[in-house]
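Protein sequence lines, in the order shown, are assigned to chains A and B.
The numbering used here applies: residue 11 is where the first sequence begins, and numbers increase by one.
The numbering used here applies: residue 146 is where the second sequence begins, and numbers increase by one.
In case anyone wonders, no lab produced these hints; they're calculated from the structure.
The beta carbon of each residue, even a glycine, is placed where N, CA and C say it ideally should be.
Among these hints, one or two may not hold up.
Rough simulated footprint, nothing fancy, chain A against chain B, three-plus residues with beta-carbon under 8 Å [stated by the list, open to error]:
# : region
1 : 183 to 191
2 : 194 to 207
3 : 236 to 247
4 : 251 to 257
Next come the chains, spelled out residue by residue.
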Amino acid sequence: SQQGEEDPQALSIQEGENATMNCSYKTSINNLQWYRQNSGRGLVHLILIRSNEREKHSGRLRVTLDTSKKSSSLLITASRAADTASYFCATSPTDSWGKLQFGAGTQVVVTP
Amino acid sequence: NAGVTQTPKFQVLKTGQSMTLQCAQDMNHEYMSWYRQDPGMGLRLIHYSVGAGITDQGEVPNGYNVSRSTTEDFPLRLLSAAPSQTSVYFCASSYSGTAQSPLHFGNGTRLTVT
Numbered sequence: 011s012q013q014g015e016e017d018p019q020a021l022s023i024q025e026g027e028n029a030t031m032n033c034s035y036k037t038s039i040n041n042l043q044w045y046r047q048n049s050g051r052g053l054v055h056l057i058l059i060r061s062n063e064r065e066k067h068s069g070r071l072r073v074t075l076d077t078s079k080k081s082s083s084l085l086i087t088a089s090r091a092a093d094t095a096s097y098f099c100a101t102s103p104t105d106s107w108g109k110l111q112f113g114a115g116t117q118v119v120v121t122p
Numbered sequence: 146n147a148g149v150t151q152t153p154k155f156q157v158l159k160t161g162q163s164m165t166l167q168c169a170q171d172m173n174h175e176y177m178s179w180y181r182q183d184p185g186m187g188l189r190l191i192h193y194s195v196g197a198g199i200t201d202q203g204e205v206p207n208g209y210n211v212s213r214s215t216t217e218d219f220p221l222r223l224l225s226a227a228p229s230q231t232s233v234y235f236c237a238s239s240y241s242g243t244a245q246s247p248l249h250f251g252n253g254t255r256l257t258v259t
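Please put together the full structure from these sequences, using the hints given.
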């Protein structure tokens, strides 16, 4: 069963706009991670946010974590065509050490 | 620095055949894992290893075997291929396990079982 669920499943925006996607999960976690996957490639790690952190930034990426609501969001500011990819959240459950569980992903298309 | 290397990139098998998907990493990572990715289902964990000589089952282990004789290599064996095993397989590693550090992924092996 999937721990994380992303919303929306798909997102289409124009260059320069912001893209926001959300992730909900079910159990207590050590951390939550966001990954990007370009078509036909492996996943690339973007940000890891620990359970005692509320917000984290990396370049144009901003991740928030609300453990009381068991949810996280990923914001990409000033989107570029190169941001077109699928984005996955993944959780490290406290009761399943070694098992990183992925959601089904959000497919983002950025048009020039 | 090659990172995580998977071979082959593509493979077609007939039902009942066996094969081994290779995975090697050159980052001296203790943790390695195998995932399969199917459309609309994200990634599902097959097996993982926290160090040489130690392996454990993930979410979907049936039909697959693994071993970890060295820190660098973590092969995945399909014992008797079935059409349900048609998928894209990813190997991933991390420095100290997913509770503390992110995964580094290979580029995947696309497997078709006819």
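Verification of the hints:
1. With 6 residues carrying a beta carbon less than 8 Å from a beta carbon of chain A, the region 183 to 191 of chain B meets the three-residue requirement, and the given coverage holds.
2. A stretch counts as covered by a chain when three or more of its residues have a beta carbon under 8 Å from one of that chain; for the region 194 to 207 of chain B and chain A the count is 4, and the coverage holds.
3. Only residues whose beta carbon comes within less than 8 Å of a beta carbon in chain A count, and the region 236 to 247 of chain B has 7; three or more means the coverage holds.
4. Three residues within the 8 Å Cβ limit are the bar, and the region 251 to 257 of chain B against chain A gives 3, so the coverage statement holds.
Comparing the model with each numbered hint stated earlier shows that all of them hold.
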